[in-house]
Structures are given as C-alpha cells and as structure tokens.
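K.L.:
Residues per chain, in single letters:
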Amino acid sequence: DVVLTQTPPTLSATIGQSVSISCRSSQSLLDSDGDTYLNWLLQRPGQSPQLLIYSVSNLESGVPNRFSGSGSETDFTLKISGVEAEDLGVYYCMQATHAPYTFGAGTKLELK
Amino acid sequence: EVKLQQSGDELVRPGASVKMSCKASGYTFTDYAMHWVKQSPGQGLEWIGTIIPLIDTTSYNQKFKGKATLTADKSSNTAYMELSRLTSEDSAVYYCARGYNNYFDYWGQGVMVTVSS
Numbered sequence: 001d002v003v004l005t006q007t008p009p010t011l012s013a014t015i016g017q018s019v020s021i022s023c024r025s026s027q028s029l030l031d032s033d034g035d036t037y038l039n040w041l042l043q044r045p046g047q048s049p050q051l052l053i054y055s056v057s058n059l060e061s062g063v064p065n066r067f068s069g070s071g072s073e074t075d076f077t078l079k080i081s082g083v084e085a086e087d088l089g090v091y092y093c094m095q096a097t098h099a100p101y102t103f104g105a106g107t108k109l110e111l112k
Numbered sequence: 001e002v003k004l005q006q007s008g009d010e011l012v013r014p015g016a017s018v019k020m021s022c023k024a025s026g027y028t029f030t031d032y033a034m035h036w037v038k039q040s041p042g043q044g045l046e047w048i049g050t051i052i053p054l055i056d057t058t059s060y061n062q063k064f065k066g067k068a069t070l071t072a073d074k075s076s077n078t079a080y081m082e083l084s085r086l087t088s089e090d091s092a093v094y095y096c097a098r099g100y101n102n103y104f105d106y107w108g109q110g111v112m113v114t115v116s117s
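Just so you know, the sequences run in chain order C and E. All the letters of the first sequence, read from the start, carry residue numbers 1 to 112 under our numbering. All the letters of the second sequence, read from the start, carry residue numbers 1 to 117 under our numbering.
A hint or two may mislead.
To be verified - Residues on chain C that point at chain E, a partial pick, calculated with CB under 7 Å:
1. 37
2. 39
3. 46
4. 49
5. 51
6. 57
7. 64
8. 67
9. 71
10. 101
11. 103
What the hints assert, rightly or not - Simulated restraints on C-beta separations:
12. C:85 <-> E:14: 36 to 46 Å
13. C:18 <-> E:85: 41 to 51 Å
14. E:44 <-> C:85: 37 to 47 Å
Read the hints as simulated data drawn from the structure, not as lab findings. For every residue, glycine included, the Cβ atom is placed at its ideal position computed from N, Cα and C.
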C-alpha cells in the first residue's frame, strides 16, 4: 500500500500567518492517465472531513483561495496564505491513484 | 443540495454484525460511486471500499474483505455497509462519501460503532 507521510504532525499558527503542510508518498502518484490523484481534506473538530483540493492543485468549489496545493510525483504541499480561525482542525492528504486509497496521518493546525 | 444522511450510532456485542445506511439526496444516485471510510484513533482514516450503484460493482480494500459488505438500493438512493463478526478493533466512526473522479466531494456525518459486551 502507498504510505503518505505528513509533516509536521502539529502546526501552531497565529491568525494571518502563512503555513505549509508537506505530504510525501512512498511511490509516484502520477497515474497512467496523466493525472495525479493527490487530494487534501480538512476535518474541523466534531465534523466530517471535507474536500479542499483535488488532483494536487484544484480548489474545490466554495473553498477560499487562500488555500493552494502544489507538487508532483511523490512530494506535495498544501499552503494556507493567511490562516483564519475557521481553518483550525486536522488536515489530511489522500491518494487515489493506487488501490487501496490511503490517507496521511494528519496535521493538526492549532492557534498559537 | 447534495446530502448524505447516515443512520444512527450503534452499540453492538462482540461477534455480532451491524448494517448501516447512507441515504443520498440532491443528485442522481447512479451517476456517482459511493465510498466508505473508517476513522479510528489508532489507525486514522482508512478506505474500506466502494460501490458503483449503476452497475452494482464493488471494490474492496483487501484489509476489509470478509469484514465489510457494500450494497446499494437504487430505488431508495441508499447505500449500505454491513460489518460482520465485530471485535473491539471495529469500534470506530464510519463515513460514506460520494466519489467523483478519484476524489470524495461529499461526506456523510458518520456513524459511531461501539463494540462492547
């Protein structure tokens, strides 16, 4: 199975600060169809996960553009440009290139 | 508005089975796959499998073969997951999530399953 390693496990930020989360894959996530199925999810406290970004860098509808994703092959980054209070929670990367689909262990974003 | 409404939390005895539901609304049920995901404190998020309601085809994570059975009822726009021979390792929150182009764009609210005697 593909292992996704997220760093850091915990991130402390002030409102307005820009932060980045890394997700590294144990194998390339470039699919034979040319797409790279690396997605980012946010789980706020007490809520279900929600999709933020799909296929590395595509912002899901309704997601603020302070969120951005980048990367390729095995190395991916989620950036939040100016953290807001509603951004607090646990961020997960998820790959859907190789079965079984797998998730990273999560990065908890807290207020400093 | 797309909505996935899951059934209520369950308390079940070890060795028993449990069947939970995920009722879809706000879209054409047969146009999308339905995935199931387990969330437990020890294991994080795990993909259990998926069902394509249009053709009743399922695909499972090898880890959950024999444990989970996915079905769908097109007449009621409802997906089901049955978990069998429950142990304490199966205590977790289970989510259904709509699948679209290799990502999960809508999630249910989750079902907490507690396995205890």
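K.L.:
Could you check the structure against the hints above and give me the numbers of any it violates, in ascending order?
P.N.:
Hints 3, 6, 7, 8, 9, 14 contradicted; others consistent.
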